[in-house]
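Using the sequences plus the hints, can you model the full thing?
4 protein chains.
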Amino acid sequence: MKKNVKLCMVGAGRVGKNHSHAIVRHIPSGEIVSLVDPAEAVRAETGAEFGITVGFDSLEEAIDKVDFDGVIITTPTPSHVELTVIAAENGKHVFLEKPMALNLEECDRIIEVTRKNGVLLQLGFMRRFQPEFVAAYTRIQAGEIGNPMMVKSLTHGPGLPPKWACDLRTSNGMLAEVNSHDWDAVRWLMGSNYDRVYAEIANLKGEMFNVDIPNFYDNTLVNIKFENGTLGMFSGICPCSYGYDARMEIVGDKGIMQIGEMKGEAVIVCNDRDHGLVTPIFKRWPQRFLWGYIYELEHFIDCIRSGKEPAVGGEDGRWAVAGVLAGTKSFQEERPVYLKEVMK
Amino acid sequence: MKKNVKLCMVGAGRVGKNHSHAIVRHIPSGEIVSLVDPAEAVRAETGAEFGITVGFDSLEEAIDKVDFDGVIITTPTPSHVELTVIAAENGKHVFLEKPMALNLEECDRIIEVTRKNGVLLQLGFMRRFQPEFVAAYTRIQAGEIGNPMMVKSLTHGPGLPPKWACDLRTSNGMLAEVNSHDWDAVRWLMGSNYDRVYAEIANLKGEMFNVDIPNFYDNTLVNIKFENGTLGMFSGICPCSYGYDARMEIVGDKGIMQIGEMKGEAVIVCNDRDHGLVTPIFKRWPQRFLWGYIYELEHFIDCIRSGKEPAVGGEDGRWAVAGVLAGTKSFQEERPVYLKEVMK
Amino acid sequence: MKKNVKLCMVGAGRVGKNHSHAIVRHIPSGEIVSLVDPAEAVRAETGAEFGITVGFDSLEEAIDKVDFDGVIITTPTPSHVELTVIAAENGKHVFLEKPMALNLEECDRIIEVTRKNGVLLQLGFMRRFQPEFVAAYTRIQAGEIGNPMMVKSLTHGPGLPPKWACDLRTSNGMLAEVNSHDWDAVRWLMGSNYDRVYAEIANLKGEMFNVDIPNFYDNTLVNIKFENGTLGMFSGICPCSYGYDARMEIVGDKGIMQIGEMKGEAVIVCNDRDHGLVTPIFKRWPQRFLWGYIYELEHFIDCIRSGKEPAVGGEDGRWAVAGVLAGTKSFQEERPVYLKEVMK
Amino acid sequence: MKKNVKLCMVGAGRVGKNHSHAIVRHIPSGEIVSLVDPAEAVRAETGAEFGITVGFDSLEEAIDKVDFDGVIITTPTPSHVELTVIAAENGKHVFLEKPMALNLEECDRIIEVTRKNGVLLQLGFMRRFQPEFVAAYTRIQAGEIGNPMMVKSLTHGPGLPPKWACDLRTSNGMLAEVNSHDWDAVRWLMGSNYDRVYAEIANLKGEMFNVDIPNFYDNTLVNIKFENGTLGMFSGICPCSYGYDARMEIVGDKGIMQIGEMKGEAVIVCNDRDHGLVTPIFKRWPQRFLWGYIYELEHFIDCIRSGKEPAVGGEDGRWAVAGVLAGTKSFQEERPVYLKEVMK
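Residue numbers (the numbering used here), protein chains in the order written: chain L, 123 to 466; chain Z, 123 to 466; chain G, 123 to 466; chain P, 123 to 466.
Read the hints as simulated data drawn from the structure, not as lab findings. Errors might be hidden in some of the hints.
Identical chains blur together in the list; that is why a pair holds if it fits in one copy or across any two.
To be verified - With a straight-line cut-off of 25 Å between C-alpha atoms, the simulated DMTMM-like cross-links for lysine to aspartate or glutamate are:
1) K187 <-> E211
2) K405 <-> E211
3) K128 <-> E211
4) K128 <-> E153
5) K376 <-> D394
6) K139 <-> E455
Remember, it's a predicted structure, so these values are computed and weren't measured experimentally.
Here you go:
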């Protein structure tokens, strides 16, 4: 199996490290030939950890100096459109982390520039590649629970996100940064687009964490009506303190399906009968979605090799952004918001 | 232990049978001395099954002929106010099934008449007495998960309710008939009243079951903002086909708690590796909440004996009805509805 | 339903209390009309707790003074044969706690005297009435796992038994006092008698608990070959410290079945991601086998009413005692022992 | 990270494929530079599947033609000693599949030849590298359950092993071929060697599978007394039909620990309330111990790189073989057998 797909990792932070690990360690068909990050110390650390010896401050420089097939963009949301344009116009395939962009105009620009330049665009919705989610999708398609009627999802994460990701003036906040995966997963499993959404938010831990962002919220519950008349909801809590939690439940007209669990390891201990059984939990997202990250990146590499279209692309990213915008408008205006209001 | 509390069971149908079973079989301190139901065949069957030999067409007749301390009202919602008035004015304590009544005026009348006549009023929210819910409440009070931030609940039941209970012209529909327990349980565990609610509904199985009621719905998702700023939601599905399912999940600023499970029996079988492990499920509500029904009725009997106020009373029933009214208004007007709009 | 079966509870200690609770609280068809225990304080306490106002020092006295249909013998093993003889010769049906007796001669005497006097004899193997064990038995009979090939069982209990029950000079020790239920359950589910047994024992906590009994053991592993050629094993640990644990696993030529679980309540909590999920455990045997105790005593009462033979009787008790004797001989002589060696 | 450890895979069958997958796919620091198998078709298939283009009929030929650091021996047990001698005498490090050898003389020869030639010897006990087993070991070492008192293990596999592996005239049968891992794991977790063992066997499916080997058995239960006085047992069933099942349970003087589970995927479905919840199971060993295989081979490669001694070596393999020999002698002579009888 030749190491014949060459990649440039753009962003050397948490996600850049996670994806580098997946490729270097578990995907022999891909190779990271350069690492881009203007923060030299971070770049050096990530480069050293994964044996990536070639690094640059900017994507342009990397393109100029090194030959590669595609880029993996793991930088903050505001930079997505610009980096994608650079990559696409230089003929590089694009793997883009969620959320796709800050607004629909940027999404359109990303879709357009990749199409026009004939490069692939894959969005980083790794749940679509996580084995138990894939198994659930396959079972639903096979009719095991009949026609889906109602879907529930949750993403609760332990740590406070960086400030820019909590502030609606610089990002779309938790609905985008934490719940992008829920937006995508409920739409994928229900096989229908959102018709309207209603979102409640609350700021319940801000004071505890000394957050002074005026529009900060750390809890959300989103209600969704799909175009086909079915219902859905998801919750987001961040920081939630107790671990990394991502599960779904879907009811069809013939049955119910549960996807995922909190248990992180097949060991159970009891040494105090007043306390009870203790089971380890998933603590962090890289552990929770280990295989999803491996398989999504392998899929991207396979698509580059074969030229086939990625299973999750620009339209999927765009719908998730549209959901975020409608959800945000909903809690701001305290009313249900139709997708057509934000999608025009 | 003397059999010294005498009760009159009003209603000999499904719930009347369930409660008769609980008392006759598991509560030695209570005794059913008469059974009221105008449907003679049903009354005869239930009477025979539980050894209740004295039966009447009406509560008035029972009061006239037999001596007892309290009534257990298990009849359809529209009859609740009238039966409570009769009981209270004759000095009988009242155990009243949910939903309390069709509207808040009826609730007020029930509260008033029981107060004025000095009789106890207990609402049939048996989840407050179900061991795992009680354990959860106790743990929350003890601070195990910190301050509750978000609560989720669900009630999914297998069978199509009777026609009157599905039609908004004769009842408050699924939000009342199926989800009364969720309304009460989320309020109880969060320790806060609802501020506003938003409800989505869908009719996804009506056609399959040949339901021709114009306002029928069988799926609902309700979003709740509590007065203390926290969030909640619950779902209702009826008929759901796969069993009787009632679970909750509550997240506090220090942790998460799961209450209840689908598993109905501690046996697991595997005889086909392509199929997997099979675990029995709860099939019906009397099995799911067996202990809740026993303990709530025992509590009522204890209150009669001791004169103490029941732990769940008219105000709790009234809040659940108010939630139902706000939820119904919400899906009818497609907007969030404040409780103050329906409670005045 | 008339309270028409009158019972005399013999023994007012832990088991006497447990069985009184089951009858007084959950079995309306039975009534405890007298309580026998020479220890006056214990008798007074148990009598007060369950409203049994008539008490005696001896069974003879009770028989002389009060009318009843049967006795429930919950006293220490050495007293079983004498009490059974008194009851049987006075025409009282006998419910006898495990272990049946100290040796096979006593078992034979018990079987003989009850037969000759035409009274029923039921052994206190409540697992045969515990819902998940009954469900397992039914599923096995229905062929769900094919022909049973191997059975495993365990009973691990938290507390140190009373001294007489730990000493082979005064009882048959843990194999009898703790594992009688395993002896019976494996034989019942496999549908075959033991052919030979091999037992290992260990004294691993004796020092910690300052036990100075020379033959004391607190851990045992017993291997069983059944007459039909299948295999079985069980473990006993007492005291085990972590809770009350009783589970089984049985493999047939078509599948596997697991019976029971450690989890004692449907609540799960997580408030520390380094610690993990916490689930309450069964702490004590009355909680673990609540329904088994209720149903076995109800079965006894039903048999008295109907005259039908109890489902678990003298032969079953005798086989369990034979197993204990063979197991004890095995660890003493450090070799497998055939049942025919001890049964003659 | 340089691909600097070169390996020769000896044996292209089921295990050879499994280990090739682990290395090619998940261990970038190792490289398979040649594949040895006299069965040309099998070799071609495995070579093609994993991109190993260089293949030979014999290890000698591979050594002669290609440069590598170590061998991975996955061939049937009888070939182990000869292949190890060839490898060691040519300075190649040895990773050897279980069971180590047919008898203790062969074990000694393997230990001696690798020592004398200064090459590493690692045994293929992958459970020592499987995350939940490692976590359990770590927790035990940290004192979480106190001093281990009793260990239970099981390995039940779905398929009938090849004929040579079922016949005591050509191998040591199921105790060796299936239960080698249990022998090693119980010794590892208890931290003590076997003092004596007692084994029961049964042939319960031979007829169903038309097995005509006279000494065939498919069920075994083994009782172990450890040198430190603690107890252990394990079961083997093969073929068991219902899936691949490998779990352990260990009780210490302070608590209990369960390791592993039957559940193979975090998806649960219910679409029939009479049937219940369905959970996928582990079907085959490569799926069950995926990470164990990756980590054990990575450990071997790390040891080659660093020169450090593998964590599981010749002595461990030798003890497992000694257990097999004592167990076999036990069921043949129908008595407990001390290890000193077979180890001299």
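Each hint, compared with the structure:
1. K187 <-> E211: Answer is within: at 16 Å inside a copy they meet the 25 Å cutoff, but 49 Å across does not.
2. K405 <-> E211: neither (40 Å within a copy, 48 Å between copies)
3. K128 <-> E211: within (17 Å within a copy, 41 Å between copies)
4. K128 <-> E153: both (5 Å within a copy, 20 Å between copies)
5. K376 <-> D394: For K376 and D394, the Cα distance is within 25 Å only across copies (8 Å; inside one copy 42 Å).
6. K139 <-> E455: neither (39 Å within a copy, 49 Å between copies)
In the structure shown, a violation is registered for the earlier hints numbered 2, 6, in ascending order.
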